[in-house]
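For reference, the chains in residue letters:
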Amino acid sequence: MLRITRLRNDGRCLCARSTDLARGIRCGRIHGFGLTRHIYMTFLSQVPSAAISSASPSDYFSLLKPRVMSLVIFTALAGMLLAPVPVNPIVGFASLLAIAVGAGASGALNMWYDADIDAVMKRTAKRPIPLGRVLPQEAQAFGLTLTLLSVFTLGVVANWLAAAFLAFTIFFYVVIYTMWLKRSTPQNIVIGGAAGAFPPMVGYVAATGQFSLSSFILFAIIFIWTPPHFWALALVRSEDYRQAGIPMMPNVRGSDHTRLEILLYTLVLVPVGVLPWLFGFTSLAYGIISITLGGTMLFFAARVFAVRTGPQADRHAKALFGFSILYLFLLFAEIVIERLIPIVASFVAQVIG
Amino acid sequence: MTKDKEPEGITLTPEQEKARRQRNVAIGVAIAFFVLLFYVVTIAKLGPGVIDKPF
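Residue numbers (my numbering), protein chains in the order written: chain A, 2 to 354; chain B, 646 to 700.
Calculated from the structure, these hints are not laboratory results. Possibly wrong hints are sitting among the right ones.
Said to hold, decoys possible - Mimicking DSSO-like on lysine-lysine, the simulated pairs with C-alpha atoms at most 30 angstroms apart in a straight line are:
id	chain 1	residue 1	chain 2	residue 2
1	A	K66	A	K319
2	B	K663	A	K127
3	B	K663	A	K66
Stated by the list, open to error - Computed footprint of chain A on chain B, listed as stretches where at least three residues anywhere in the stretch have a Cβ under 8 angstroms from a Cβ of chain A:
id	segment
4	656-662
5	666-676
To be verified - Partial chain A-side listing against chain B, Cβ under 10 angstroms, derived:
id	residue
6	A56
7	D60
8	F62
9	S63
10	L98
11	I338
These numbers come from a predicted model, not from an experiment. All residues carry an ideal CB built from backbone N, CA and C; glycine is no exception.
Let the sequences and hints guide you as you build the complete structure.
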């Protein structure tokens, strides 16, 4: 059971005594638009036996943010398949696994650092740390161990440039985004979005040992896609974010301004989404799909911009959020499929021949 | 004179014991997988010729 008590607003917090910390009590400070709030969390179930864990492997697995991890695998695979040289399937698989575990490690470190705000927000209150199933320091140790493991594995299996890039991605997500930007600026997810956009570039570097324009374009697509995707959710969940003290765009600049920015970012996203075809590293099929999907995404964003009040407004924002996931998934699926077909075909030909 | 009571230590509840066993199995499987992965990657990168290398 978790008890949360908000303490004083004067910058002092009584709960951060070392004895309390040893008993599974953590003090969290939340900064956000002029507020400094202190949150006091007591894992009541763990006070008598803080050292004995009842966490199951599935609790640790959920620390890895499996859904984010699957998207990372997918986008990194797309980056890897853009490589002009064929990748050994076993080396490719091991590299993808290392990148995925690296993404999972940053998820665990994010949950360690953000346990205080996760406990306040409905969407995240059921994560293992707020539930009291995993202690913050256990999640921290888990995340750090997996970080080392994934970076060194990628270095040995692929190359050290890719390993360094993966380490930088984890650093960017955990330190730059989670520890710094998330609680301090409404541009948090804009800049922090880079961490989520790096995987295709890491995948490409793992396959080739160098950077390329094609993988940078995939980075740009995810980077520009992130703000409209997250802000659509933030519009619906703004009360949650307000309570947690996170300065999301709707809470700081208002919902109207957020709707305008969503529309502007989507207007940039549509042509950027077509770039892979214009630069000639995907087929005409990709071009047609990206223009169609981009047009649909723009329609959803325009509806969010136009309808601002009532239950309809929330519904449109949720629809944009849902479609944005489909948009990114289908674009990358198209790239993966069209790159995999010739590889599978030549493999089958080899086996038959 | 009464003899001092032996310290009982910590007794795990059945739930904690089950969770610990599951964690141990998970760690074991993960390590075994990791060993296998490095073996297969080594063969893939260096080929079977790794065995014939002169020392």
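Outcome of the hint check:
1. A:K66 <-> A:K319: holds (21 angstroms)
2. B:K663 <-> A:K127: This hinted pair holds, its Cα atoms lying about 22 angstroms apart.
3. B:K663 <-> A:K66: holds (24 angstroms)
4. 656-662: Holds: 4 residues of the segment 656-662 of chain B have a Cβ under 8 angstroms from chain A.
5. 666-676: Contact hint for the segment 666-676 of chain B vs chain A: holds, 4 residues under 8 angstroms.
6. A56: holds (6 angstroms)
7. D60: Holds: closest Cβ of chain B sits about 9 angstroms from A:D60, inside 10 angstroms.
8. F62: holds (9 angstroms)
9. S63: violated (13 angstroms)
10. L98: Status holds, d = 7 angstroms.
11. I338: violated (25 angstroms)
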